[in-house]
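**Q** The chain contents come next:
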Amino acid sequence: MARAAAPRTFRDAQATYRTNGELAWWVFMRVSGFLLVFLTFGHLWANNMAFNAGQIDFDYVASRLAQPSVKVYDSFLLLFALLHGVNGLRYSIEDYIQRPQRRVAAKVALFTVAGIVFVLGVMALWTFSFSEMGDAVRALNE
Amino acid sequence: MYRGREGQWAFVLHRMSGVALALFLLLHVIDISLVMWGPDGPFNAFLAFYHQWPFRVGLVVVIAGVVYHALNGLRIIMMDFTTWGVKYQAPLWYGVLGLTTLIGIPVLWKIVPEILGIA
Ligand code: HEM
Ligand code: HEM
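Sequences listed follow chains E and Y, in order. The numbering used here numbers the first residue of the first sequence as 1 and each following residue consecutively. The numbering used here numbers the first residue of the second sequence as 1 and each following residue consecutively.
Since the hints were derived computationally from the structure, they do not count as laboratory data. These figures come from a predicted structure and were not determined experimentally. Quick reminder that beta carbons are idealized off the backbone N, C-alpha and C, glycines included. Watch out, some of these pointers could steer you wrong.
[Stated by the list, open to error] Chain E residues, not near chain Y, derived (Cβ > 12 Å throughout): (1) 24; (2) 64; (3) 72; (4) 92; (5) 108.
[To be verified] Simulated restraints, written as ranges between beta carbons of each label pair: (6) E/63 / Y/106: 24 to 30 Å; (7) Y/50 / E/18: 43 to 49 Å; (8) E/83 / Y/8: 23 to 29 Å; (9) Y/101 / E/99: 37 to 43 Å; (10) E/71 / Y/97: 31 to 37 Å; (11) E/34 / Y/50: 27 to 33 Å.
Looking at chain Y on its own, in the form it has when it is part of the complex (with noise of 0.2 Å):
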């Protein structure tokens, strides 16, 4: 019943997005916190290595993985507190695929652009 059905599909992948995202969050704000050293610090430098294009693809996915797993999550919290969310668990995870989508488009469209460096 339940391995391999949606249910198994959608925690897997809301532990994979938690799990990125906890250790992008570390590494993150270790890098911000690099403007303490002040405007010729080491900040401009680590910045502008993660300005090449790989890192900020790996951006965009860091805004889907915090985008479906937000949506997931409340996906969670109706079937924890309400008496009719585990019933609806399926549909409201397609639900949650197909906002993460609609979500992705004008965000794509915007930062797309800028990456290829036409924007």
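Pulled out of the complex, with its shape left as it was, chain E reads as follows (with noise of 0.2 Å):
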């Protein structure tokens, strides 16, 4: 189904997805959007207005990534950009690729980089304490 007309009000919604899930969605890029007006504009201060981000180097995001509140802002940030951003261009890839095959390998390529990029992710803000590697390179340093 061409999307390029979206559907405008929740009734409309209801009646043009014949599917709960695509109307799932459809709640989803709203609900989705509207919080990440906040979490995207507060991480664009942070980084951009609050520093200078020509002078972002391992120090800085170490110092940051130190943070818990980082990590959950971030966490948040990820989830819900990433959810939005691949389903919008799933969106995208319906509207503009016709032929089955193609789209289906279109999908198949987009869902496996968003899955390697949120593991790649979830692990950069888990799995390693960055004020403690910090201090592990500078002992070793010594």
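Since each chain sits alone in its own frame, please combine them into the complex, following the hints.
**A** Put into structure tokens, the structure is as follows:
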């Protein structure tokens, strides 16, 4: 189904989507979009306005990721932005790629990449203790 | 009625910014995750590469994309969940463009001097 003219009201959406799955995604795009306004603006503020983005380096990121609040914040940003963005890319694939085989191939590729990126992102946030890692590396160099 | 009018431009820009942001996000998470290799890993070399001016300009475009997509997303949500949203979709869109420009001014004020190396 071409999505170019997206349904305009909740009742429209209910009538348009045959499955509850698509209706759930329609609602999710709006709820996550609303939350992402705050998550992305806060993130851009921290890294572009409160800091010079041209000076981001390991020490800066380690100092940020050593804070539990930043880890939790970034986890929500990662989860919502990735689900919202990947579902949005899926809409575009369904609009522009008509041949069934190519469509499936494009979606498999997209979901694979997204899955790998999600795992990498979660690992970067949670599997290292950046304060300890910094100390350990400093101890090695002493 | 629809083609070439505000609604279509709003949609095209929303889709372009959304797709661009999603692709940026995939790359962004991969490059930030390079911190896992520690201070002597590839992270600093990578970031130094990204600090070259064409990429800094790219980040400004990303910021503009987020602001437009976010505000226009709120416009879409208003059209979907209020009784008056669709009626005022065109003026709302000019509001989105105006606010995006307004937010852009302090952002450019802060970042352009950094890129030019005079901050
Ligand atoms: C900042 C707050 C954001 C808001 C308020 C927002 C809102 C929306 C809304 C309402 C839609 C329409 C969904 C539909 O047609 O059912 C949408 C689509 C989309 N969004 Fe967002 N979004 C935001 C952030 C993001 C981010 C960070 C990304 C990228 C990672 C993104 C990527 C997309 C994509 C790719 C689409 C599909 C475009 C299309 O179908 O034309 N959005 N967004
Ligand atoms: C355009 C300028 C941007 C800059 C300079 C920037 C910078 C950074 C930095 C320094 C980090 C490391 C952790 C932290 O400081 O929070 C980070 C992480 C992150 N950023 Fe951004 N960011 C930008 C835009 C965005 C946008 C638009 C999004 C969402 C669509 C985003 C999503 C994320 C996520 C999800 C993480 C966590 C990565 C992980 O899980 O390892 N960023 N960013």
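**Q** Would you mind marking each hint as holding or not holding in the structure?
**A** Results of checking the hints against the structure:
no.: 1; hint: 24; result: holds, 15 Å
no.: 2; hint: 64; result: violated, 10 Å
no.: 3; hint: 72; result: holds, 16 Å
no.: 4; hint: 92; result: violated, 6 Å
no.: 5; hint: 108; result: holds, 16 Å
no.: 6; hint: E/63 / Y/106: 24 to 30 Å; result: holds, 25 Å
no.: 7; hint: Y/50 / E/18: 43 to 49 Å; result: holds, 45 Å
no.: 8; hint: E/83 / Y/8: 23 to 29 Å; result: holds, 27 Å
no.: 9; hint: Y/101 / E/99: 37 to 43 Å; result: holds, 41 Å
no.: 10; hint: E/71 / Y/97: 31 to 37 Å; result: holds, 36 Å
no.: 11; hint: E/34 / Y/50: 27 to 33 Å; result: holds, 30 Å
Consistency note: the structure conflicts with the earlier hints numbered 2, 4.
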